[in-house]
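Asker: Residues per chain are reported as follows:
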Amino acid sequence: METVKAVQQAEKAKKAIRMSGAEAIIHCLLAEGVDLIYGYPGGAIMPVYDELYKFQDKLTHVLTRHEQGATHAAQGYARVSGRVGVAMATSGPGATNLVTGLADAQIDSTPIVCVTGQVPRHLLGSDAFQETDIVGISTPVTKWNYQITKAAEIPEIMAKAFYIAKSGRPGPVLIDITKNAQFDELDFVYKKCTGVRSYKPVPKPDPEALQQAATVINQAKRPYIVYGQGVILGQAEAELKALVEKTGIPAAWTIMGLSAMDTDHPLNVGMVGMHGNYGPNVLTNECDVLLAIGMRFDDRVTGKLDTYARQAKVIHFEIDPAEVGKNVKPDVTLMGNCKETMALLLPLLNENSHQEWRAEFDKKYEEEYAAVIHRDLKPEKPGLTMGEVIEEINLASEHKAVVVTDVGQHQMIACRYAKFKQTKSNITSGGLGTMGFALPAAIGAKMGAPEREVVAIIGDGGYQMTIQELGVIFQHNLGVKIVVLNNDHLGMVRQWQELFFDSRYASTVMTNPDFVKIAEGYHIKANRVTERKGLKAAVVEMMEFDGPYFLEVVVEKEDNVFPMIPSGASVSDIRLK
Amino acid sequence: MEKQWFTISAYAENNIGLLNRISGIFLKRHINIESLNVSKSEIEHVSKFTVVVFTTEDWTRKIVQQIEKQVEVIKAFYHRDDETVYQESALFKIKSALLFDEPQIQNAIKESNSKIVTVHREFFVLAKTGRRHEIDEMHDRLEPFGIMQFVRSGRIAVTKAEMPITGMLEEFKLNNN
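As you go down the protein sequences, you meet chains A and B in turn.
Under my numbering, the final residue of the first sequence carries the number 659; numbering is consecutive throughout.
Under my numbering, the final residue of the second sequence carries the number 180; numbering is consecutive throughout.
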C-alpha cells in the first residue's frame, strides 16, 4: 500500500509546479480557455496584474474605464459567444463597482466570473485601506461566491467558479482573493471541475410529464408558445424551430428570447410584455395551451398575474426548479434543459397548422400596424422616430448585426423592430434594466464576435452613464457602431410622467453636450443626423465604415412607445395609444 | 392563504458565508425568521439549518425552492408542526436564596420536568426543554420571583417521515464520477 501511495505522490509532484498564487490564477484562466479579460488594476490585485504583464501574449487584458464597464463587457462577451466572461478588479471601490454588473448577470442568467483582490488575510475585518466585505455585499447578486485566503485553494476554487458560472442556469460567480494568497506559493495542479455534490445543474426530464404535455398539446385548438432566453442558453434554437414548424404553433419572444428564432419566420409572431406586440399580448388570454419555453414569467411579461392566461393550460419548460410555480402555476412542468425536453417531446407531437388561430395573430398585427407600427416606421410628421432608425439599420445590416441596447424607449423600440437572422444577436439588459449597459456590453460583444457587425443603440441618458468606455473603443480600435437616439429626455420615465403623473417632468429633461465632439475627442469618427433626408445615407455610411463610428440621431423629443400594458394591468388591457 | 407555522430544514455543506446566503433569502422577501438553529446533522460534514417561519404555505414553498437553489445546499424541506417532533431549550438563572425561600419555585421545578444544571452560592441555573408554550409557562411562573437571566434556543426538529439525504449524496457521487 505504502508503495502505491508513494508512487501516487511522486506522480503528483511531477505534475505539480511550484508557483505563486497570482501566477496560478493566470494558469487557471488559461486552463479554462480564457484569452480575454476586462478589468481595472489596484493595490490588492497588483500581484495578479504583474503576472498578466508576463502572460500578455496569451491573455489579453482590456482596461475598461470603470469597473462597471468591465462587468458589462464581460456580459456582452458571454452573451454573444456563449462562453464565460471574466472581469477583474481590486478590493474596496473596485469590487463594489462590480455589483451592478453582477446583479445584471444574475437576473439575466449570464455566465461571468469576477475576480477581486482583497486585503491580506491578517487585515481582514480591520477596516484596512480599500477593504470591503465584497463576499457579503455580492452574496444576493451572485450564483456563488467565495473568498480565497490560502494560495493552495486557488486551482480548485477557480475550477469550481467556472463550472458553476456556466452549468445549469448560468450566472455570475465572484472569487475574492486576499493579497497574501496571491503572493504565497503553491504546488499547482489544475483539474477541471465536473461536479459539486450539493449542486444538480440540470434536472432529468420526466417521461411521464413529457407524455402528459404531448397529450395536452395534441388536443389544443389554440396553442401558443412564449420563448425566452432559456432557448439561447440551452442552445435549443434548432429544437424550437422544429417544434414550431411541426406543430404550427405561433411563437412569441420575450425580450431575452429575441433572436433565438429568425424574426421573419412566419410563425414568429412578435414580442410579449409591457411594450410587446398587440396580438402576442392579447391572445395570451385567449389561447387554450401556453407553452412557456425557457422563460420565467417576469412581471413585465405577465402584467397582472391574476388575469394572466387563466384560461390556458400552462406547460412550463424550465431548468431551474425555483422558477416552477414562482409566478405562474404550470399544469405540466417539463424540467430540464429545453434542448433535451423539446427533442424528447417532438416525436410525441402531431403535425398541425392551426391556420385559423394563426390568422388571429395576423388580424391583430394589422390593427397594431394601423395604430402604431405605420406611425413608428413610416412617419409623416417632420420629427424622426426611433423606429425608422431601427428600420434603416435593419436594411443596412441585412438582419445580420448584433444589436446591443441600453434601457428605455430606444430599447423597447429596438426589441420590437430589430430584425435578426442569427441567434445570440440581441444583447440587452432585460431583467435589471441597467442604464449604461450598452456601450461596455457592445465592447464585449464585438470582442466576442469580431467577425460580426455590432451596433449599440443607446439613449442619450444611458449613454452618459458609461460614456467613458469610448476610451476602450478608441484604444483597441473596436469597430463598434454606436447610435445614440437623442431626444434630450430620459424618455421612458418622461413617458410615464406624461401618462401617469400629469406631465410633471421631474428631472427628465436633459441639456446634453455635443456628443459628436465628445466622440471626436476620442478620435472616433462621428456624425449627427437631424432630418429624415439624411438618415439613410448616414446609417449606410456608418455600417460601411471600417472601424468605430458614432452616429447621433436627433429624434422627436416627446414620442411615446406603444402599445403599452400599464403597470399592474392585464395583458389583454394593452393600450394601442 | 392562511399563515401558519412552518419548520424549514436545509441540509448543506458546512461553508462560511452560507448562513448569510440563506438568511438573505428571507430578507429579500421581507419574511421574519422566528427562530434559527444551525448544527451538524446525521451526515458527516453536512450541516442542518432549522428555520421557523410564520407565513403562508405558498411563501414557504417558494423560500424552500430558493434555499435549495443555492449551490451548497443539498436539499431543503418544509413541514407543518404535526409532521415533526420539535423542541426548544431554555436556561433560567435565578437567585439561589429563592430556591430555599420560595416553595413555589421548588414545585415549579418538579412539575415542569425541568432540571437544575448547577447551583452556586449566589445563583442556580435551571434548564427546561420542551415546546415553546411550555417554556413560556415556566417563564411566567418564575418571573414574579425575579429571573436574573433568561435565554431560549431556536427550534430543533426531526421529521416523522424519512429524510433521504444520504441516498441523495450517493446519487450526486454517482452522477459526478
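Hints in this document: simulated from the structure, not taken from any laboratory.
Nothing here was measured: the structure is a model prediction, and the numbers come from that model.
Wrong hints could be hidden among the right ones.
Computed list of lysine-lysine pairs in DSS-like fashion (alpha-carbon distance at most 30 angstroms, straight line) [stated by the list, open to error]: (1) LYS65/B x LYS232/A; (2) LYS65/B x LYS248/A; (3) LYS43/B x LYS98/B; (4) LYS96/B x LYS78/B; (5) LYS411/A x LYS113/B; (6) LYS615/A x LYS460/A; (7) LYS72/B x LYS386/A; (8) LYS386/A x LYS445/A; (9) LYS408/A x LYS31/B; (10) LYS163/B x LYS286/A; (11) LYS118/B x LYS408/A; (12) LYS72/B x LYS408/A; (13) LYS273/A x LYS78/B; (14) LYS242/A x LYS118/B; (15) LYS274/A x LYS163/B; (16) LYS43/B x LYS411/A; (17) LYS6/B x LYS242/A; (18) LYS118/B x LYS286/A; (19) LYS273/A x LYS140/A; (20) LYS248/A x LYS78/B; (21) LYS232/A x LYS43/B; (22) LYS411/A x LYS323/A; (23) LYS445/A x LYS482/A; (24) LYS242/A x LYS78/B; (25) LYS408/A x LYS78/B; (26) LYS248/A x LYS31/B; (27) LYS460/A x LYS659/A; (28) LYS286/A x LYS96/B; (29) LYS395/A x LYS65/B.
Asker: So, for every hint listed, does it hold in this structure?
Answerer: Checked hints:
For a cut-off of 30 angstroms, the pair hint linking LYS65/B to LYS232/A is broken: about 37 angstroms separates their Cα positions. Proposed proximity of LYS65/B and LYS248/A is supported: the alpha carbons are some 24 angstroms apart, at most 30 angstroms. A distance of roughly 34 angstroms separates the Cα atoms of LYS43/B and LYS98/B; the hinted pair therefore is violated under the 30 angstroms criterion. Our distance criterion of 30 angstroms between C-alpha atoms is broken by LYS96/B and LYS78/B, whose separation comes to about 38 angstroms.
Restraint check for LYS411/A and LYS113/B: the C-alpha separation of about 53 angstroms exceeds 30 angstroms, so the hint is violated. For the proposed pair LYS615/A and LYS460/A, the alpha carbon gap of about 13 angstroms is at most 30 angstroms, so the pair holds. Of the pairs offered as hints, the one joining LYS72/B and LYS386/A holds, with about 26 angstroms between alpha carbons and a cut-off of 30 angstroms not exceeded. Distance check on the hinted pair: LYS386/A and LYS445/A sit about 24 angstroms apart at the alpha-carbon level, within 30 angstroms; holds.
Restraint check: the Cα-Cα separation between LYS408/A and LYS31/B comes to about 15 angstroms, which is no more than 30 angstroms; the hinted pair holds. For the proposed pair LYS163/B and LYS286/A, the alpha carbon gap of about 28 angstroms is at most 30 angstroms, so the pair holds. Between LYS118/B and LYS408/A the alpha-carbon distance is near 46 angstroms, which puts this suggested pair outside the 30 angstroms criterion. The straight-line distance between the Cα atoms of LYS72/B and LYS408/A is roughly 13 angstroms, inside the 30 angstroms bound, and the hint therefore holds.
The suggested pairing of LYS273/A with LYS78/B holds, with an alpha-carbon distance near 27 angstroms, which does not exceed 30 angstroms. About 49 angstroms separates the Cα atoms of LYS242/A and LYS118/B, which puts this hinted pair outside 30 angstroms; it is violated. The hinted pair formed by LYS274/A and LYS163/B fails the criterion: a straight-line CA distance of about 41 angstroms is larger than 30 angstroms. A hinted pair counts as satisfied when its Cα atoms are at most 30 angstroms apart, and LYS43/B with LYS411/A does not qualify at roughly 35 angstroms.
Taking the CA atoms of LYS6/B and LYS242/A, the gap is about 39 angstroms. The hint is violated against a cut of 30 angstroms. Restraint check for LYS118/B and LYS286/A: not satisfied, since their Cα atoms lie roughly 51 angstroms apart, outside the 30 angstroms limit. Distance hint between LYS273/A and LYS140/A is fulfilled; the C-alpha atoms sit about 20 angstroms from each other, no more than 30 angstroms. Between LYS248/A and LYS78/B, the direct Cα distance comes to roughly 21 angstroms. Compliance with the 30 angstroms bound is thereby established for this hinted pair.
Under the criterion of a C-alpha separation no larger than 30 angstroms, the hint pairing LYS232/A with LYS43/B is consistent with the structure, at around 25 angstroms. About 26 angstroms separates the Cα atoms of LYS411/A and LYS323/A, which keeps this hinted pair within 30 angstroms; it holds. Between LYS445/A and LYS482/A the alpha-carbon distance is near 28 angstroms, which keeps this suggested pair within the 30 angstroms criterion. Between LYS242/A and LYS78/B, the direct Cα distance comes to roughly 20 angstroms. Compliance with the 30 angstroms bound is thereby established for this hinted pair.
With a CA separation close to 18 angstroms, the supplied pair LYS408/A and LYS78/B stays within the 30 angstroms bound. Restraint check for LYS248/A and LYS31/B: the C-alpha separation of about 25 angstroms stays at or below 30 angstroms, so the hint holds. Annotation: proposed proximity of LYS460/A to LYS659/A holds, straight-line Cα distance about 17 angstroms (limit 30 angstroms). For the hint linking LYS286/A to LYS96/B, the alpha-carbon distance of about 54 angstroms lies beyond 30 angstroms, and the restraint is violated.
Only pairs whose Cα atoms come within 30 angstroms are accepted, and LYS395/A paired with LYS65/B is accepted, the gap being roughly 21 angstroms.
Checked against the numbered hints above, the structure breaks hints 1, 3, 4, 5, 11, 14, 15, 16, 17, 18, 28 and satisfies the rest.
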